[in-house]
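With the hints as your guide, set chain B onto chain A.
Residue strings, one per chain:
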Amino acid sequence: LIDDIRRSLATLGHELGGSRFEVALPGERTQTLELVERDGVARLSTVVASAGAASRSGVGPMQLLFHNRYTELVQFGMDGRGRWIAETVLPAGAKPAEIEVYVSALAHAADRLEQVVSGKDVY
Amino acid sequence: MMQRVSIDTAGELLDFSAGGRGPVSGQAAQEQLAGAVAVHNILADEGVAYLADEVGMGKTYVALGAMALLRHFQPEARVLVLAPRENIQKKWLKELRNFVGGNVRFPDLRVKAVHEAPARSPVFCGRLQELVHETILDPDRDFFARMTSFSLSLGKDTESWKRARDEILKHLPWVDHRLFDLRSRDRFKENIGRALNAALPRFDLVIVDEGHNLKHGLGSGTSTRNQLMSLAFGHPDGCDDFRAWPTYGPRAERVLFLSATPLEDDFRHLWNQLDVFGKAGPFEALLDHASPAVQRDCARRFLIRRVFALHLDGDRLTKNLYRREWRQGGVERHDNPIEVVDPKQQLVVALVQKKVSELLGHEKFNNSFQVGMLASFESFLQTAGVASGEEVTVFDDAEQAIDVAERQGLDVHAVNSMAADYRRRFGQELPHPKMDAMVERLAHAFVTGEKSLIFVRRVASVSELKRKLNERYDAWIIEYLRGALKPELLPDFERAVGAYASHRLAGVRQRDGDSSGELIAEEDGDLHDTGGNDSFFAWFFRGQSPVPGLLSGGQFALRFNSAGAMLGTFFEDNHVAAVLGVPPGGVTEELSRVTGLPAQDVTGSLQESAGRRLPTVRKQQRGTVFLAYQAAALALLVERADAETADRARIVLEERFGDIPEHEANAAAPALDQRLETRTFWTELRRRDALRDALWGADAPIGSREQFRELELRRELLSSMARLGHPLIDLYSSAVNATGTLTMGRASEDSEVDDTRLIEAYLDTLDLQRIEGTAWTGFSELKAAADHFDMILMTNEPEVRRAPLGQASRLFGRLLRAQEPVGGMSGQVNETLVRQFRMPGYPLVLVTTELLKEGEDLHTFCANVVHYGIAWMPSATEQRIGRIDRVSSLSERRLLGDGTAAPDRKLQVFYPYLRDTVERVQVERVMRRQHEFLRLLHEGFGSVRAERTVNLAREAGRAADPLMPVLEPLTTAYPVVPDMLAAEPRKLAVGPDRATRLHGRFGALELELNARLGPIEWEPAQPPGALIGTRPLESRVQPFTLLLRSTGGAPLVRCVSPVGFYPGLSEWAEELLRMATRRGVRVCATADTRLASYNLSVEGDVLIDEDGVHDAERVASLVERVTSAADEVERLLFDVDQGITTFRATLRTEGDVDR
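Taken in order, these protein sequences are the chains called A and B.
In the working numbering, each residue carries its 1-based index in the first sequence increased by 1133.
In the working numbering, each residue carries its 1-based index in the second sequence increased by 20.
Just chain A, same shape as in the assembly:
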C-alpha cells in the first residue's frame, strides 16, 4: 500500500526524502508532510505547532476540537509530545489525482493554522 502511494506521489512530482516531502504553497510558504502506515492504514501527517507554540495559544487544544467540526479530509490532533498535528487517512485504491487532493487539503489546512498560531513557517 505504502509503496503504491509512494509511487503515486513521485508521479505527482513530490520528491520523498525518506518518508517526507515538501509541498510548496502560496506566499513562498511550504509544508512538510510525512507518509506513515499505522494499523494497516496509510496516512499523511504533518506538524502544525510545537508543544511550546501550542501552549501559548489563547484558545488551547479546544481550538483543535472546534477546527475539526469544519475541516474536510483533514483531522487535527495531538501527538505524544504535545505537538499539534494534522493528518489525513488515505483510502483504499487511491489514484494519483485523488492523493493530490489529500496532499493539498492537508498542506493548506496545516500551514494556515501554523501561520496563525506561530506567525512562522517552520514545518
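In case anyone wonders, no lab produced these hints; they're calculated from the structure.
Among the hints, a few may not be true.
Taking lysine to any residue and the SDA-like style, the derived pairs with C-alpha atoms no more than 25 Å apart in a straight line are [what the hints assert, rightly or not]:
1. LYS1253/A - ARG185/B
2. LYS209/B - GLY1252/A
3. LYS374/B - SER311/B
4. LYS209/B - ARG185/B
5. LYS1228/A - GLY1128/B
6. LYS190/B - LYS1228/A
7. LYS111/B - GLU819/B
Positioned in the frame of chain A, the structure of chain B alone reads:
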C-alpha cells in the same frame, strides 16, 4: 491561474433566466450572462473590475455569476463579500442561495453541491472578530462581512479597546501586545489592521458591494474604516516593521467593486477605491485631469456600465424616459407647484421664511446654508435629539453634512420655538403646507392600494408623516367599517371607536407620541403581538382586548392561529376530499368505496391510525384531531387504493404530514364523526370557479410533488395574508355580520362551531370585490399575491420552498406579523417592515431616512418614490430611486403590460417643495448637479462642480431656472465590448450527469455497507443526500449519518456520529485529541452558549472515486473508524449508551448545517 472563459462556456453552466422562473428572461438574461463573463475576464486580466450597471439591473446576480465561473474552474478559490451594512449582508446570503438554486444549471460539485445548495457554506460575520474567528476555523467557505465592521467604533472606554484587541490576539499568540499602546490610538488602530492582516487568509476574490462608499480613499482626514480595511488587506505601503508583522502581505488577489454610482465628482473617486485594496498602481491615468479622454479610456480597462432600457412600441426608453419626474414641486398634478390657498398656511410660510432668512443673515452663516440641511423644509415637529448633547440625530446620514452645526440643522431651534409658541396660542400644530399636501396625496393609497416610498432627511419627519398619515388612515377605516357592518352592530362599534380615541389621547399625553406596540416572545419561540395605538388597525385588528366584552379583530384573528383555536381548521384544506376528488359530505363513503372496506372497518382503522398520529396529551385539540384523521385516511389510501389514487395520497401524506411522528402505544383517537367531511375556506373556494382561478390556480388533480407543494404554499401564504393583513378587515366584518354580534362568544377548544356560514360569507365578499373590481380591497391584495407568487417567495421567503410544508404557516406568519398601514424607519433597519413592503398590502407607505437608500429591493409593488427631504449627492438620489427601479419592478410590469409609455404608468419621482420659498433654489441646485453627474457617468467626461452651499443674497430675486430633463435616450461610455467576451474554447470542468451518477451510487451504499459491516439499522425515510443509520457494536449501538458532499470539486462522503453534550470538555481535550490521532478520525466540538456546554461528535470523510469501484470499501472503513471512535468517546465521558431516538432530530438536520 485564472483564465478567460467564453460566453458559450459560461452559458453551459449558468442560466440567468432560471429556467423561465427568474425575474429576467430573453435578452436581459443574455446581458446578465455577458456581464458575468466580462467581469470574470476583466478580473483575470486586470486583477480588478468595476461593475457599474445602473441601479436595479441585477449587479448582485452578475457578480455571483462571475464568482461562479471563477469557482467552477478554480474550486479552491476563496471569496469574501463586503456589504455596506447588515441588511445587505443578509440579502447577499439570500441571493447566493437563490442564485445557486435557480441559476446554476446543475450540481457541478464546485458551485452547486449535490444537494443543490452552495457547495461552499456561506458564513455571516456580524463583527470583525467573527470574521477572524470564522476564517481561522475554516477559510474555505464563503464569507459575508460588512464595511461598517471596519469602522472599529470603540468609544471612549479603554476597556472596550482592550477587549477588541484581545479578541483578535487570542488567535495570534505570537503578536507582541506592546504594539497596542492605548496612548496612541491611531497607532493602536493601525496595528489592529495589521493583526487582521495576520489573521485573514488570502482571498482569491473580494467583492465590494456599493464600492462608492470607499470613494474618499486613504487621504488624510478619511475614515478609520478605509484605513483599517487597507491594512487588513495588505496595502503595499501599510507595513514598516516586518519583524513585528512577518506575515504582512496582500490578502485580496482580485477585487470586484459594485456600484451604480461609482463616482461622485470625478475619476479620482475611482482611483481612491482601488487604492484601498492596493490595486490603484496600474491606473494612475485616472488622476490625469488634463486629459479627460485618457481618464475615460483608463476607466474602460476595468469598468463596465450598462444602461437599462425598456423597449416599448419601437422606442428605447432609458431611465430618464420611463421615469416621470415631478420637478415643479407639486404632488397632485404633474408639472404644477403645490398650491397654498389657505391664508393661514400662506402666513405660516411667510413667517417661517422670514425667520429662516433672519437666522441665515447672522454673520455666522453669511446668508448661506447647505443643501438638504434646513429642517424647516421638512417638518416643524420638535426634535428631541438636539437638546441631548449626544450624537445629534436630527438627520440620519452624517456623511451628507460637512460639520456638526450643519448636521444639527441651522434652523431647528428657531423652528422648534415657533412651533411650540403656535401650539401654546392656538392649541394646534403649526401647519406645514408641504407636509399637508404630501399627506393628502399619500392618503389616496388607502383607496387605491398604491404604495409609496418616502425619503426624508430629518429623523423627526418620519414620525410626523407617519402620524398624520395614520390619522387619515383611521378616518378611512372607521368610515369603511361603518359602511360594512350591519346597522345593529354599529352601537358596539362606535363604543370601540370611542375607546380608541380615548386610548390615543391617553397615549399621547403619557408619552407625547404613538406606540407601535410590541412583539413579545412566547414560550414556543413565536412572537405575541400587542398591537399598539399607532393606527386603528394596530389597536383593533392586532390588539387583543381593547374594549372589555367586545370581540376585537385581533382576538378574532387568534381564532385561526392554532389547532386548538375555534376556527383552527378554517384555513386548512381537506386533502382527503381533494385526493378522492369529491366535495366534503361524500368523503367517508368514497373512501370506503375506493379502499374496498366496509364503512365500519374504515372508521375503526382510521381511529387507531389517527390515534398513533396524535400527541400524547390528555386532551386533544379539534384541529389536531382533524389533521391526524387526514393523515390516517391518506395512509389508508396509500395502502389500499388504486395505483393512481395511492400515488396522489402518498405525495400529500409525505409532503404535508411527513413530519408528524407516530406513537405506537397511543390510544385510539376521538371518534371520527364528521371530521373527514369538514368544509374549509379552501374546499369551498374549489367550488367557485372564477374566484378559485383568480386566487389559487386551476383545480387539476394532484399530479406531482412540485404541483402539490406549489398549491400548498399558495394556500398557506394567502391564508396568512387573510388573517394578518388588510383582508382581515373584511373577514372580521363578514364574521360579525354573520353572527349578528360584536360581543365576545364562547371560544372553548372543543367548540364544534359550524364554520360554513362564515366561509360562505367571506367568499361572497371576496367574489363581490372580484366582480366590482374598482377600489383596492382584500380581494385585490390576495389577487396581487397570487399573480406574483414566485416573485414574492424569491424576494421574501426563498427558504420556504425547501422547508417541510409543515413549517410554511409559521414562516409566512412571521413574515406578515404586526402589519402597519404606514411604516416608518430611522436609525435601524426593520427587516419585517422591509419584507412586508415588498408584498401587496400593508405598509402602503414607507417613510424612511437615508437608512434604506442602498441595497434593499423595494420595487416589487411600489412605483412611487418621494424625495421629501432632498439629497445633495446625485449618487444618493439615484440610489434612492434605485430601490424601486429594478428588474421586474411594478413600473416595468405596468409599462410592458400596457405596451405604451402612458405618463401615469411610469415610475413616478416626486421632489415636493414650495415654489415661493428658498427651497426652490435648493432643488434647482440639486437638479443642476444631477445633470452634471449624468453627463459624467454616461458620456465619461467632465466633473461635477455645482456648489453645495446656497447663498441667499446671490440667489435673491433670481428668476426660477427649472433645468429641463434630458429627453434623449441615455447611452453608456463603458459598454461591454467584444474583446471582454473573447476566450479560447474551453470545456466545463464537470458535466451535468456526474451528480446524477453519484446519487445513484450513494443510494446503493445501504445494502453494500450491510454486507461489509453487518446489519445496520437504516432509517425508513431518509433526508435528501443523507443516509442515517445505527450500527450495532457488540452490546452497544452507535447512530451516524452519511452525507454526500464535495470538496474542491471532488465528491466525498462525510460520516458524522454524535456523542452528546458535555460541559467540562476542556479537561478532556488533550486525551480526546490523542485518541483521535490514534484512530484516524476527527473529534469535533461546537460550543453551545445557551446550554453552557459543548456538542461533541466524531467525524471523518473520504473521497469516492470517479468509477465507484471502491465506494463501499472506503465508506465501510470510514463508518467503522468513526462509529467505533464515537462509541469509545461516549464510554469515556458518559455512563449511558444513547441511541437513534436521542439524536434523530439533529442527524436529520445535519445536512443543513452550514460549516
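Here is what the structure says about each hint:
1. LYS1253/A - ARG185/B: Answer holds: LYS1253/A to ARG185/B is near 21 Å, not above 25 Å.
2. LYS209/B - GLY1252/A: Roughly 20 Å separates the two Cα atoms, so the pair holds.
3. LYS374/B - SER311/B: Roughly 47 Å between the alpha carbons, so the hint for LYS374/B and SER311/B is violated.
4. LYS209/B - ARG185/B: holds (9 Å)
5. LYS1228/A - GLY1128/B: holds (12 Å)
6. LYS190/B - LYS1228/A: Cα-Cα ~40 Å, so violated.
7. LYS111/B - GLU819/B: Status holds; Cα separation ~13 Å.
In summary, the numbered hints that this structure violates are 3, 6.
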